[in-house]
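Novice: Residue numbers (this note's numbering), protein chains in the order written: chain A, 699 to 857; chain B, 14 to 277.
These are calculated hints, taken from the structure and not from any lab test. Errors might be hidden in some of the hints.
Here are the simulated distance ranges between beta carbons [unchecked claim]: (1) B:Thr150 to A:His793: 24 to 32 angstroms; (2) A:Asp779 to B:Asp37: 45 to 53 angstroms; (3) A:Arg835 to B:Thr50: 21 to 29 angstroms; (4) B:Asp208 to A:Cys797: 54 to 62 angstroms; (5) A:Arg835 to B:Ser57: 28 to 36 angstroms; (6) B:Ala274 to A:Asp779: 55 to 63 angstroms.
All residues carry an ideal CB built from backbone N, CA and C; glycine is no exception.
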Amino acid sequence: MQISVKINGKQESGEVESRTLLVEFIRYQLGLTGTHVGCDTSQCGACTIHMNGKSVKACTLLAAQADGQDIQTIEGVAPADGPLHPMQEAFRDNHGLQCGFCTPGMIMSALAMVDRHKGEELDEQTIREELEGNLCRCTGYHGIVKAIAAGAKAMQGGA
Amino acid sequence: MYAFEYKKAASLDDAKQAFDSADDGTYMAGGMTLIPTLKQRLASPSDVIDLGSIADLGGITVDGDTVTIGAMTCHADVAASAEVKKAIPALAHLASLIGDPQVRNRGTIGGSIANNDPAADYPGALVGLGATVHTTTKTVSADEFFTGMFETALDEGELVTKVSFPIPESAAYQKFPNPASRYAVVGAFVAKTKDGIRVAITGAGPTVFRVPEMELALTASFTPEAIADNTVPADNLNGDLHATAEYRAHLIGVMAKRAVADCA
Numbered sequence: 699m700q701i702s703v704k705i706n707g708k709q710e711s712g713e714v715e716s717r718t719l720l721v722e723f724i725r726y727q728l729g730l731t732g733t734h735v736g737c738d739t740s741q742c743g744a745c746t747i748h749m750n751g752k753s754v755k756a757c758t759l760l761a762a763q764a765d766g767q768d769i770q771t772i773e774g775v776a777p778a779d780g781p782l783h784p785m786q787e788a789f790r791d792n793h794g795l796q797c798g799f800c801t802p803g804m805i806m807s808a809l810a811m812v813d814r815h816k817g818e819e820l821d822e823q824t825i826r827e828e829l830e831g832n833l834c835r836c837t838g839y840h841g842i843v844k845a846i847a848a849g850a851k852a853m854q855g856g857a
Numbered sequence: 014m015y016a017f018e019y020k021k022a023a024s025l026d027d028a029k030q031a032f033d034s035a036d037d038g039t040y041m042a043g044g045m046t047l048i049p050t051l052k053q054r055l056a057s058p059s060d061v062i063d064l065g066s067i068a069d070l071g072g073i074t075v076d077g078d079t080v081t082i083g084a085m086t087c088h089a090d091v092a093a094s095a096e097v098k099k100a101i102p103a104l105a106h107l108a109s110l111i112g113d114p115q116v117r118n119r120g121t122i123g124g125s126i127a128n129n130d131p132a133a134d135y136p137g138a139l140v141g142l143g144a145t146v147h148t149t150t151k152t153v154s155a156d157e158f159f160t161g162m163f164e165t166a167l168d169e170g171e172l173v174t175k176v177s178f179p180i181p182e183s184a185a186y187q188k189f190p191n192p193a194s195r196y197a198v199v200g201a202f203v204a205k206t207k208d209g210i211r212v213a214i215t216g217a218g219p220t221v222f223r224v225p226e227m228e229l230a231l232t233a234s235f236t237p238e239a240i241a242d243n244t245v246p247a248d249n250l251n252g253d254l255h256a257t258a259e260y261r262a263h264l265i266g267v268m269a270k271r272a273v274a275d276c277a
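Here chain A stands alone, though its shape is the one from the complex:
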């Protein structure tokens, strides 16, 4: 079947099978390999993207379900040749990553978190609770939690 999505502001379309996963479509057909596949069982969150502004796991959606929807992946958060997004910058500044495999999913979850808590300060406990759907096997999370708190502040202009 033919599907068409708006991805990172650009209209794209492609031919998929009914059973093609959204993450497969994004990585293998659109070539956007920033969205990772970690566990492929909807636990690790490395495949987290935004669909219509909400964070979802692209390994647990069919590509067909995304037909006509608005998608953002890690490639869409900052221009390819421009400065990093404040949240990406915060991950770099706060040792929010080590091997980097979980990072795209972490950033997409962090951005969704900031959006859900607009106008509130993201405290450590909230960040930890809301990271429930993202696993990191390197950092022990401390750096990630610090990075998200700092990134959220920077996004609100209070860095």
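Given the coordinates of chain A, assemble chain B onto it according to the supplied hints.
Specialist: Relative to chain A, chain B alone:
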């Protein structure tokens, strides 16, 4: 995944028609259980009928003493709803404990109760509050809806359309989550309703169940101490790698007492 035919239903009629014309069709709500099941090749439907585009299945309304939630309303929307938080805070709290944020953005109340996983949270709220399930063909009380492990009163091709919850005087949900999946090892939903005290336990048995002895004891005295001596036998409870039946039996008492303390 085995191959299947994907169909997007535009309306309830459309969904039923697609179901009836399929060899072995299955409906998909949020897909948070179905897609992992398909990926493991534990199911091989001929057709997957996506309910995601049916407009009139979503939404939350509060009308007098009832909160009504459309079947395709996702957990995140219930958890964040100012109306639900005000009318039945325990229900919003329960929704906020399901899975993780990404799963809550997709998983739906209708999908959860139609699947009736023994460790799901929503069955606890439905039975604990004495809710009513509305389907494409009937209206059924929560007590009669959940009939067994992954079994409900839904007939072939029938769909949940909405769930209505009577607003209780007070209610609370306490669960012992599996530390990895956040599924309920045991969850206790306690409510003081117009029609009496209700205690519903999810996660512990093949399906959600009430504990009449606790309800009776709490009617006499609504305190955690009142149910300190009530025990549920481990005989018919679930035992698996996460917890033995005996451990679950113990947790029922602990979680129920905590829920009563939260209500009072």
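Novice: For arginine 835 of chain A and threonine 50 of chain B, compare the CB-CB distance with the range 21 to 29 angstroms and indicate the outcome.
Specialist: 26 angstroms, holds
Novice: Quick check: does the Cβ-Cβ distance between aspartate 208 of chain B and cysteine 797 of chain A fall within 54 to 62 angstroms?
Specialist: 56 angstroms, holds
Novice: Quick check on a hinted range of 24 to 32 angstroms for threonine 150 of chain B and histidine 793 of chain A, using CB atoms only.
Specialist: With Cβ atoms ~57 angstroms apart, the hint is violated.
Novice: Given the hint of 45 to 53 angstroms, check if aspartate 779 of chain A and aspartate 37 of chain B actually sit that far apart at their C-beta atoms.
Specialist: 51 angstroms, holds
Novice: Holds or violated: 28 to 36 angstroms for the Cβ distance of arginine 835 of chain A and serine 57 of chain B?
Specialist: At roughly 33 angstroms between Cβ atoms, serine 57 of chain B and arginine 835 of chain A fall inside 28 to 36 angstroms, so the hint holds.
Novice: Honestly, do alanine 274 of chain B and aspartate 779 of chain A meet the 55 to 63 angstroms range at C-beta?
Specialist: 58 angstroms, holds
The structure fails hint 1 only (numbered hints given earlier).
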